[in-house]
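Participant: Use the sequences and the hints to build the structure in full.
Taken in sequence, the protein lines are chains A, B and C. So that you can map any letter, position 2 of the first sequence is 2 in our numbering, and since no number is skipped, the others follow by simple counting. So that you can map any letter, position 18 of the second sequence is 18 in our numbering, and since no number is skipped, the others follow by simple counting. So that you can map any letter, position 3 of the third sequence is 3 in our numbering, and since no number is skipped, the others follow by simple counting.
Any given hint could turn out to be false.
Unchecked claim - Chain C regions said to be covered by chain B (calculated; three or more residues, Cβ under 8 Å):
1) 159 to 172
2) 176 to 183
3) 195 to 202
Claimed, not checked - As a list, the in silico EDC-like pairs of lysine to aspartate or glutamate whose alpha-carbon atoms are at most 16 Å apart:
4) B:Lys-222 x A:Glu-36
5) B:Lys-104 x A:Glu-5
6) B:Lys-215 x B:Asp-37
7) A:Lys-29 x B:Asp-218
8) C:Lys-13 x C:Glu-75
9) B:Lys-222 x A:Glu-39
Just so you know, the hints here were simulated from the structure itself, not pulled from any lab data. The C-beta atom is built at its ideal place from N, Cα and C for all residues, glycine as well.
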Amino acid sequence: MSSGEKYVAAAYLVVFAVVLVYLVIMSLKLQRLQRELAELAELARERREREHGPVSREAAEVG
Amino acid sequence: MSTWLRNNAGPATAVLAVTLICAAIALIFFWVPEDADQGFSQKIFYFHVPIAITAYACFGWGAFKAFMHLWKRPPEADLQSYVAIHLGVIFGALTLITGSIWAKASWGVWWTWSSNQLVLFLVLFLFYSAYFMLRFSVDAGPARSNVSAVYALFGVVLIPVSFLAIRLANDFIHPVVFTSAGPQMAGSMFFTFCVSLAALLALASALYRLELTSKRLDVTMKRLREALE
Amino acid sequence: MTYFHDVATLTRKDLLLELRARDTVPAMLLFVVSALVVFHFALPSESSRLAAYGLLWVALVFTALLGLVRAFSAERDQGLLDGLVLAPCDRSAIWLAKALSMLGFLVLAEIVALPAFAIFFHGIGWTTVAGVALANVGICTVGTLLAAMAAASRARELLLPLLFLPLAIPIVVGGVGAGVVENGGRYLGLLAVYDAIFAIICWASFEYVVTE
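Facilitator: What follows is the structure in structure tokens.
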């Protein structure tokens, strides 16, 4: 590979890398949001139990 | 049709970005002829300049949203301005890095003060990096959004003034003159350049929507938490 | 008419406060002279005489920063900014008054700095003086607005230089160019354009910086 080709490859690689780093940051954020949402769902369930008595645990559709 | 587009704008822009980027890369490496003067390393130009233009577009959009925030006060304008400037700084950093690689490939140095565009970008990069320092040192609230908006507007005003200053500065800083790629491009090169520009603008759009959605989620989660506790 | 009356009142207040406290201007004077002495040691002997011009401008910008950092410190420490904002005057009058008083302090510092430079290094022509005068306007208008922004933040003294230096680049280019290049008129033109554009935008946007 000539040096010209190496530089071009490096430049495109940098752009690619930055976009992928973005991907990593977004996935970490999604993970955190998922965890927080689970906590909040738990809080909501507790609150509902306090107000209306224990709720039966039926199977719910996920999809 | 337009309702579907509005509801699915995020994924739609991402699909557009993927398509255009693949098209651009295919054109750059398989179709467009090699430049006679600069050889293979000229191909960096097809990404470097569109990235610069995209960065300017992001700063411009950020300033527009800042202006709207100060004028009409739509609730999300400050957040949109922040995300746009954030993206602009990322693309700005990419401009400087790819520009530096191109300088090394073309002229053998990692940095040159004689390229007006690169120097202007450096100044803007410093300016908008300070935007984040400003934003992080003011507590969230109307004060922060107002101050950020005014600063963002200063940025776009700075662009032409800085450009003028840098042009004039070259007279006494005694530049080492490098010839750069001329504006006349063969038709095929210009077409490839345009596709590449569209691709990067689409990429910026897609990333903008993605980040905006995630920040909106943060706000909603906080409100939800406050409602439940 | 009341607008200019308000500006005059506020400017007089700032100048009187400085006259009594006597802390900002002496510090700026001492700083600029010390900086010039440091620059003598910072320049190797074969440096061109033009390098000293550049350093003069560095000294001026950082001396201005020293003064600007303290521009709103009294108002911030004693919680007076809210009171000023609530006063029945146009908010931009606050900015104009503060910028004018800063201009006064900076001019006083330069009355000492420029002769000191002429003595330590080499003489300066009228284009340099004109450049300094025009640059003062730019520095004080933009610097005062940024000082108000920094006063609202937690980082304060750390933040102002970061905000100010990128905006100071065209001023430095204009100032150094006016003194160094043969026909320095273009650079004075650059300074005038900078002053005009940024004065208008600062005047229009100060309202948004201090209110909610």
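Participant: Does each hint fit the structure? Answer for all of them.
Facilitator: We went through each hint and held it up to the structure:
no. : hint                 : result
1   : 159 to 172           : holds (count 8)
2   : 176 to 183           : holds (count 4)
3   : 195 to 202           : holds (count 3)
4   : B:Lys-222 x A:Glu-36 : 10 Å, holds
5   : B:Lys-104 x A:Glu-5  : 12 Å, holds
6   : B:Lys-215 x B:Asp-37 : 47 Å, violated
7   : A:Lys-29 x B:Asp-218 : 10 Å, holds
8   : C:Lys-13 x C:Glu-75  : 12 Å, holds
9   : B:Lys-222 x A:Glu-39 : 12 Å, holds
When the structure is compared with the earlier hints, a violation turns up for hint 6 alone.
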